[in-house]
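Enquirer: In order, the protein sequence lines correspond to chains A and B.
Residue numbers for the first sequence follow my numbering, beginning at 1 and rising by one.
Residue numbers for the second sequence follow my numbering, beginning at 1001 and rising by one.
Keep in mind that the hints were calculated from the coordinates and are not lab data.
Each statement offered as a hint is correct.
Listed below are the simulated SDA-like cross-link pairs for lysine to any residue, each with C-alpha atoms no more than 20 Å apart in a straight line: (1) Lys-1038(B) <-> Glu-1102(B); (2) Lys-70(A) <-> Arg-1024(B); (3) Lys-1061(B) <-> Arg-19(A); (4) Lys-195(A) <-> Asn-1087(B).
There are 2 protein chains.
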Amino acid sequence: MIEQHTIATEGAQGLDNLRQSIGRLDEELLKVFAERRKLSLAVAANKLAANRKVRDQAQEKNLLSNLTAKGKDLGIDPCVTLSLFHNIIEDSVRSQYDFFLENTNPEDLAPLKLAVLGEPDSYSHIAAQQHFSTKKRRFNPEHCPSFLSIFKAIESGDADLGIVPIENTTAGNITEVYDLLLQYQLKIVGEEKLKVKHCLVATKGATISDIKDVYSHPQAIAQCKSFFNQHPTINSHFRSSTSSALKLVAEYQNPSIAAIASEQAAENSGLEVLSYGINNYQENYTRFLFVAKKDIDVPSAIPAKTTITLQTPQKPGALLDCLQVFKNHGINMTKLESRPIPTKPWQELFYIDFEGNASDLIIEKAISELKHLASEVTVLGSYPMHDILATKLDRHALSNQFNAL
Amino acid sequence: MIEQHTIATEGAQGLDNLRQSIGRLDEELLKVFAERRKLSLAVAANKLAANRKVRDQAQEKNLLSNLTAKGKDLGIDPCVTLSLFHNIIEDSVRSQYDFFLENTNPEDLAPLKLAVLGEPDSYSHIAAQQHFSTKKRRFNPEHCPSFLSIFKAIESGDADLGIVPIENTTAGNITEVYDLLLQYQLKIVGEEKLKVKHCLVATKGATISDIKDVYSHPQAIAQCKSFFNQHPTINSHFRSSTSSALKLVAEYQNPSIAAIASEQAAENSGLEVLSYGINNYQENYTRFLFVAKKDIDVPSAIPAKTTITLQTPQKPGALLDCLQVFKNHGINMTKLESRPIPTKPWQELFYIDFEGNASDLIIEKAISELKHLASEVTVLGSYPMHDILATKLDRHALSNQFNAL
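Excised from the complex, chain A in its bound form:
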């Protein structure tokens, strides 16, 4: 690891030398990381046997505090050390969660049949890849043309599991999926969040000033509204998925039409990416739900989220009384969404997400109280929470490690 002192670092040859040395260090990093992951699974087995929680914030604080101090000696700012190890710890925690889940819900290892909107490289497909990256079990995507066909595939047993987007930080809720959840009464068994970056894609050789018509899924178009405001002569058209929009552009080979799709899909399409990241906000995230016929058991060692639907009686303050139940028990609501009930005009159904597991005593108690106040309460499922909160170090632990004097 001292080769950089002995090799030439100047000129084109020097650049090659440096890159080769970096490549070797990266492989070394990866090997150490792989060893760490193995040990992390041994830790998970130990914790499962001892019935311990997966996360131990005090232990994480010790580790991070030691590493930021060691990093400082090596000339690495604590911010940089923390960012690197937050990433590594997140992977470790996610793998341990999956280890617990697999042990609580034992299943064969045959690949799952997963119903996914659109073609390979659709956003749903990418989110599924991300979700399964720490799991032992693999999946076979079954590509579906619509949200409805995903729900139907699960109901009929053609698919074991489905993935559907439920909300986006720019464009809001996907109401169609909320309505399908109500109609099909499938169980929610997981969630995933994906950073979404929309690209404008056209035939080879086309330029932005050639474009007259842009095709994409309505959600993608909504998330790129400011692009259309900036280009008032370009018309937008809806397609059932971003991937079907790409197909259309590839088929027509007309330089005046373009599609909006994911970076991954764009780069795999053989078409030309005219612009990267045309979404209104660079920080653009979509939350996905996994749905299945049967719910899963989330072990108590893992933080869970629960989704319920609630119908309140037609009297003033009925919703407020229900919300008071959450407050009284100190339950953190993470989402409250109201939808009209198609068969009961002017009545509303509420979708509520909150932190906790339907099998926790406190949640059971809250739900039974809600059943007295509401005209209907349905638990759509408890599932592992996607967000893994990074353990922070307080000023004492960092004791002047930061570069502000």
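Got chain A sorted already, so can you dock chain B onto it with the hints?
Expert: Below, chain B without anything else, positioned relative to chain A:
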């Protein structure tokens, strides 16, 4: 690195053994990472001498493609390998950018006097720490009670540099800062983005049901609107900064009052955190600008962003004509914000951010065209773009590495 096979991994002793082994692997990781960072700076010196761009996407693709394949052999999913190395490459690119910047704008290494809103651990302070984490130069924070006092401190020379928030993904633009930019005509020399997580903090022993009054900065309160909707009996009150709100809670020691502040500030305050992440959206980011009296030279090897203000004549289509200039030159606008001009009722001033450097030929040309169309154009500065886009691998490079079959 094979010790996990020889040590006991069961029971409390086993957990200790595993944790010690993980701690040693983490230190090893950190050492290899520190070596990599040194080589990365040698690469920067090589590129600077050869007048090369900092980023070389083809080289990054090779590296990532090799690493995902090697990772696969070690049982690591490509998603996980990519996430780890995107983080490492981002640090490397940021350090190389800073190396170029320091060489183009040589300055002494005395700590900068940085005007910052609020107390230590204010969001601005945390963003500044993050921003300087890859830089050689350090900063001394000069804490200011208001945005106005930050601008005044720079104008008077009491501070070298100031940091101010300009927009938030949940609550929108900070119009006061836009107006101060216009009034003081300082130069924008940098930007930073920070993920913001608001915590509810009260005196020790208080519970959420005790709280009647919550104090914070108006922006923080706006970003936690849904918390106040869920707790209709809790009143919100404005303070000049989140840190002054914390101070107030610490002084009064009254269990019915609470503050909203950053996690770091909350944990350092000696007060009790009643709830973590009470912001409406978990994905909540604030963008900050660095302002100074004098602008900086951004070397052409680094992607830059430019901010201008624009006044258009009072005739129909004037703004559209200006926007057309950006489109004609293929310049990517990243923000368009309009503000009333206080001295000219019903006239609007536009703030426009776009990708590119005011010293690029194409940007120079566009600005000179704008000067013919607009009644006034002012360049507020060109500065290094904060976002470092991760290099993606296409399906060919990943050739079946993903866990979908």
